[in-house]
Every structure is written in structure tokens, then in C-alpha cells.
Amino acid sequence: MPDRISVDRLRPTQLTLGLDDVARRRAKIAQMNDRELDAYLEKKAVPHVVGPGGGLWMTDHHHLVRALWEEGKPTAILGERLDDWSKLDVKSFWRRMDEKALCWPIDADGNRRPYAAIPEHVSKMTDNPWRTLARRVRGDAFADLDTPFQEFMWGDYFRSFMSRRLIETDVDLAADLARRLARLSEAQDLPGWYGDGPSSGGKAKKGNGD
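Numbering of the sequence shown is given in this note's numbering, commencing with residue 338 and proceeding in unit increments.
In case anyone wonders, no lab produced these hints; they're calculated from the structure. Hints may be right or wrong, so weigh each one.
[To be verified] With a straight-line Cα cutoff of 30 angstroms, these simulated DSS-like cross-link-like pairs (lysine-lysine) come out:
1) Lys461 to Lys365
2) Lys381 to Lys410
3) Lys461 to Lys410
4) Lys437 to Lys424
5) Lys380 to Lys437
6) Lys380 to Lys365
7) Lys424 to Lys365
8) Lys365 to Lys428
9) Lys461 to Lys437
10) Lys424 to Lys461
11) Lys410 to Lys365
What you are looking at is a predicted structure, and each value in this text was computed from that prediction instead of being measured.
Kindly generate the complete structure, drawing on both the sequences and the hints.
Spelled out as C-alpha cells, the structure:
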């Protein structure tokens with residue numbers, strides 16, 4: 338049987354998420370019966386690291402866990418244990434997480450924050466419209482790779498060219514601009530860059546920071 342875990346026990350490894358994506362997942366979950374939800378959660382089992390005190394830090398599916406919490410669904414399915422660093426002190430733990438690209442201590446404005454700023458519960462995570470924009474154009478503007486925090490990286494790139502107000506007032510226009518910006522040579526070092534030629538239609542894969 339799958340190992341169920343209370344969503345309240347799953348600790349975030351990033352500061353922000355895309356609330357639009359959370360709302361979309363919540364609406365999807367609300368339409369599922371118990372059997373459908375169980376099957377869905379098994380496919381979206383939450384990878385994690387065991388940290389100080391035996392705590393569980395999730396390394397993916399933050400949006401799913403937030404949607405479950407908002408919808409009043411108490412449990413998720415615990416997935417792959419990536420490592421057990423329960424013997425490390427807190428400072429060493431976060432340093433190791435950062436070295437392994439398993440956390441994203443960057444806020445919605447692109448500022449690096451102390452590890453202590455990462456919330457202890459998914460309900461405390463704040464909105465990042467740039468990540469939402471990147472998710473909207475993923476696979477179209479850039480290839481969807483299995484790269485940790487790929488959408489956050491692209492979101493930070495888009496943020497340097499457009500205002501938050503544009504996303505809030507005309508997300509379709511923002512998405513069109515993002516697709517154009519993604520083809521510039523300035524983006525060539527970002528994971529999934531297509532270049533300035535025709536889109537290759539990036540194959541969908543599961544990435545970190547979800």
C-alpha cells in the first residue's frame with residue numbers, strides 16, 4: 338500500500354509558488370471521487386529529504402500539496418526519499434540542500450533570502466506571478482526539462498523585462514511577450530532554451546519546484 342503522509346508534515350523547500358496553478362489543481366481535485374484522487378496522488382507521490390529532527394522536506398509537488406491543503410484533503414502519498422540528513426544540524430542541512438539544488442531560497446522579486454525565510458508549512462508560501470507565467474508558456478516558449486526549479490529560473494528572466502502589473506492586467510499579452518523573450522540570445526543559458534528557430538515543442542517532464 339502507498340505510504341500516506343499528512344500534508345501538515347510536509348515542509349516546503351521554496352518560498353513561493355504560483356497561486357493560479359494551485360487554483361487549477363484544486364479545481365481538478367474537487368471533481369475527483371475517492372478512487373480517482375487516490376490514483377492521481379499515487380502518480381504524484383511527493384519526493385522528499387529527511388532533515389533535522391526527522392522532519393520531511395518535500396522537493397517537488399508544492400502546488401499539489403497546497404491544493405490538497407486548501408481543498409481540505411488531509412493526506413498525500415509519500416514518494417522517493419532522496420536522502421536522509423537527519424543527523425545534520427539545521428545550518429549544515431540547508432547548506433547541503435542548496436549544494437544539491439534541492440531548495441530555492443529566492444523570493445518573487447528575485448532576491449535571495451535566508452534559509453529561515455522558507456516557511457515551515459505550505460499554507461505560508463506566497464504567490465510568484467513570474468513562476469505562473471513561466472508555467473503558462475512552458476513547452477511553447479521553452480522545453481520542459483527535468484531541471485530543478487526550471488520555471489523559477491525562466492520566471493526571473495521574464496521579470497527583468499516586464500512588470501507584475503502586465504501579468505495581473507493582461508496575462509495573454511504577457512504570455513505572448515514571454516514567448517518572444519524566450520527566443521532572445523540573452524536566454525541561451527537557461528534550461529530548455531529553444532534558440533531563435535522554430536519551436537521543437539518540448540516534451541513534457543516532471544521538474545522540481547512544482
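Structure-based check of all given hints:
1. Note on lysine 461 and lysine 365: the hinted pairing holds, with a Cα-Cα distance of about 22 angstroms set against a maximum of 30 angstroms.
2. Among the hinted pairs, lysine 381 with lysine 410 is consistent with the structure: their alpha-carbon atoms are about 15 angstroms apart, no more than 30 angstroms.
3. For the proposed pair lysine 461 and lysine 410, the alpha carbon gap of about 17 angstroms is at most 30 angstroms, so the pair holds.
4. A threshold of 30 angstroms between alpha carbons decides the hint, and for lysine 437 with lysine 424 the separation of about 17 angstroms falls inside it, so the pair holds.
5. Using a Cα cut-off of 30 angstroms, the hinted pair lysine 380 and lysine 437 holds, with the two alpha carbons roughly 24 angstroms apart.
6. In summary, the hint linking lysine 380 to lysine 365 is supported, as the alpha carbons are separated by about 15 angstroms, within the 30 angstroms threshold.
7. Taking the CA atoms of lysine 424 and lysine 365, the gap is near 39 angstroms; set against the 30 angstroms cutoff, the hint is violated.
8. The straight-line distance between the Cα atoms of lysine 365 and lysine 428 is roughly 38 angstroms, outside the 30 angstroms bound, and the hint therefore fails.
9. Between lysine 461 and lysine 437, the direct Cα distance comes to roughly 24 angstroms. Compliance with the 30 angstroms bound is thereby established for this hinted pair.
10. The suggested pairing of lysine 424 with lysine 461 holds, with an alpha-carbon distance near 26 angstroms, which does not exceed 30 angstroms.
11. Restraint check for lysine 410 and lysine 365: satisfied, since their Cα atoms lie roughly 13 angstroms apart, inside the 30 angstroms limit.
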